[in-house]
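Got chain B; can you put chain U on it based on the hints?
2 protein chains.
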Amino acid sequence: MQKVSIGLAGFGTVGAGVYKHILRSRDLFAERLGVRFDLRKIAVRDMHRTRSFDPPKELFTAHWEDLIADPEIQVVVELMGGMDEPYRLVRQAIEAGKTVVTGNKALLARHGKEIFSLAHEKQVPIFYEAAVAGGIPIIKAMRESFVANRFERIDAILNGTSNYILTRMTECGMDFAQALKEAQEKGYAEADPSLDVNGWDAAHKAIILASLAYGFWIRSDQVRVAGIENINASDIRFADTLGYQIKLLASIRVDSHASVGARVVPTLIPKNHVLASVNGVFNAISLHGDMVGEALFYGQGAGQDPTSSAVLADLAEAALALQSPRRCYGFTSHDLYGNVQSPDDSVGEYYLRLAVEDRTGVLSQVAGVLAKSQIGISSVIQPEGHASGIVPLVIMVHHAPFGCMRHAVEEIQKLACVKSSPCLLNVESFT
Amino acid sequence: MQKVSIGLAGFGTVGAGVYKHILRSRDLFAERLGVRFDLRKIAVRDMHRTRSFDPPKELFTAHWEDLIADPEIQVVVELMGGMDEPYRLVRQAIEAGKTVVTGNKALLARHGKEIFSLAHEKQVPIFYEAAVAGGIPIIKAMRESFVANRFERIDAILNGTSNYILTRMTECGMDFAQALKEAQEKGYAEADPSLDVNGWDAAHKAIILASLAYGFWIRSDQVRVAGIENINASDIRFADTLGYQIKLLASIRVDSHASVGARVVPTLIPKNHVLASVNGVFNAISLHGDMVGEALFYGQGAGQDPTSSAVLADLAEAALALQSPRRCYGFTSHDLYGNVQSPDDSVGEYYLRLAVEDRTGVLSQVAGVLAKSQIGISSVIQPEGHASGIVPLVIMVHHAPFGCMRHAVEEIQKLACVKSSPCLLNVESFT
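If you're matching them up, the sequences are chains B and U in order. The opening residue of the first sequence carries number 1 in my numbering; numbering runs sequentially from there. The opening residue of the second sequence carries number 1 in my numbering; numbering runs sequentially from there.
So that you can see chain B by itself, here it is in the shape it has in the complex (with noise of 0.2 Å):
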């Protein structure tokens, strides 16, 4: 039976969850693999924190460095958290020749070009699906099961935490802070639930998904990032009278010059599209092969189960690499299409609500400066009068490129008759 030991770094909900399950499947581990694996130590940041369970007190250290110090230790797992902490452990297990598992999203959006390229020098290998959708195994499949496919698009629902505020603003009519409110009872919202809802745990995944398609890094300020607060229960129900629903929705294209995009944008997609029945905490991602077609996985996010099952799949795949290392899957080359398409030069279709005063001759002077941009415009929706004096105006907008849209919205801003800063919305209609 071989013998695999293993350093993990974090004992948070994921970490504890790894460890559990190291524990609980023992049995299985070693019937399906022939594989015990050896927890040897665990480091956390603080000693003394009271813990649901406890292993036994000798695992703990409050020196991640000593899981780099301990030359039984072959496989490191980080779970911490954070960023210049598990930047250097995993920088420090790479030098020291230690496979690496993580599930730091954030970590390897920022440091992957640096990160992958130091693991290919010394000859390591990396394993992050936990970093990716929890329980959907696209890493896998993406480096893996369509090898043989380039890739066209990708669309995704990547937070959980996001998609059910939204998918209750729909269900129920709430705005956004009751939602919240509501998630964060519920434990599926932190206390600072920033990073989830103002799009960034989604933009650092869909940076991940492209690096995986195209083979080269995405920079975060190339990606164009939007959250949902601003998303009111209106919106929600002009979504549904037109037809969609709204959804956090990260795309990635790649265009006929072979320039790669990505968003990550609150999005109304078409009721009857298979994203639109993706409610609650579930993810799920949608992407296009040359060869496959269209493939979807669907699962959940996140959650100390889901997560832990895919850092269990990342130990599995380490300790057969260990057993008899190969050459990894991945692009040897990092620059074949490594061109990256200007959010502004995105063209999309829009979405745009305003909050206008209620007289007449108001749509034509906001249809103007639409006009004067060569912005066509597909629908509008006025509502009837509000005893206030403004009223909210919904203009959907046919193809535009994101920089003449988005100046636009400036120059209609400044206009007298608009009230409030105006909501600007992506529509996919994966056409």
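Be aware that a few hints might be false.
Ranges of calculated distance between the beta carbons of each label pair, as one might list FRET restraints [what the hints assert, rightly or not]:
1. U/ARG219 / B/GLY82: 51 to 61 Å
2. B/ASP290 / U/GLY243: 44 to 54 Å
3. U/MET1 / B/ASP84: 35 to 45 Å
4. B/ALA191 / U/LYS122: 55 to 65 Å
5. U/MET1 / B/GLU65: 35 to 45 Å
Since the hints were made in silico from the structure, they are not lab data. Note that beta-carbon positions come from the ideal geometry of N, C-alpha and C, so glycine has one too.
Showing chain U alone in chain B's frame:
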């Protein structure tokens, strides 16, 4: 650059696709994997058949034995179809120490136990992603990505032809014969569609999925299989009235005594379940693991390009395995839960449509038979009378063992008031 020499048996739709994509993907594989595939021989039954495009004539042989005899060939790709010749080819390839890639679901469902134990003995890897659900990488997901999970249930739509026919019957009110004809015209159904519409193609795939989930091979006589030939337009309408859609559903379950049951039966599923929105030739597999919870995979289950994509992914695996052999994923023990539930013991809910005489007392007679077997009725639909004096009677039945239900239906069929063969379908509420 590693060179991998391949012998291909079969040059039908998928075989020709594999040939085409091996040529087309030369640079991609060199770049992504550092591998060059060298297709040395193609074995075909008919050397003189005209083909839509023609590999060099010298590649062809009429004798698959030539693939075995060629010492240069490292990987045999079996895409012949049929049973006896593929069986001999695969056995001989393993005996000769050649890696096997096959898409032959019938072969594995019938001889899997023997083939895999021979392969284990000879330490030869077998890859078969193309055997189940073409473009959906479910084999790798179950073996590798979910290696830490115990599977609680699997529900799947595994035959695109049946699903296309049922979709058209649902969307357009077509009857079975019309929808089948359309499927044949569009190339979605063979001239002889029996294996697709009688449920057996899906059953072979279900047997393979069950072997991955539970580590042993269910015999085909232990699977309850029914096709869609007897579904008529009125069944589609009654199901719709009751809130369901009819799908040819493969269901694999493990009960509290660790008995595994499998069935492939036309099944009423709730319209709001995600499997109900899997339409046309698409396939989908929903599985529940004890760690990941529900995970669902959706994509094209057949067709030249999606299936070739799966074969090429297997060739990539084969290349890596040749380069550095390692322990394979998969269960070492094949008897862990080697316990099959008899179809008669499987408890389900049912939809029963009868053609009965249009007179009072009929429902009471039918209900009487069910009551004698302790079978509870949950609802009844009795449409208005018809000039013929024969009317349909639809009965929805609560949980009952299939054997008990089957026996009751046999009794009901003997009643004088029952005029033609009953249509008995399963109902799955996914609770």
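If you check each hint against the structure, which ones fail? Hint 2 is the one this structure does not satisfy, whereas the remaining hints hold.
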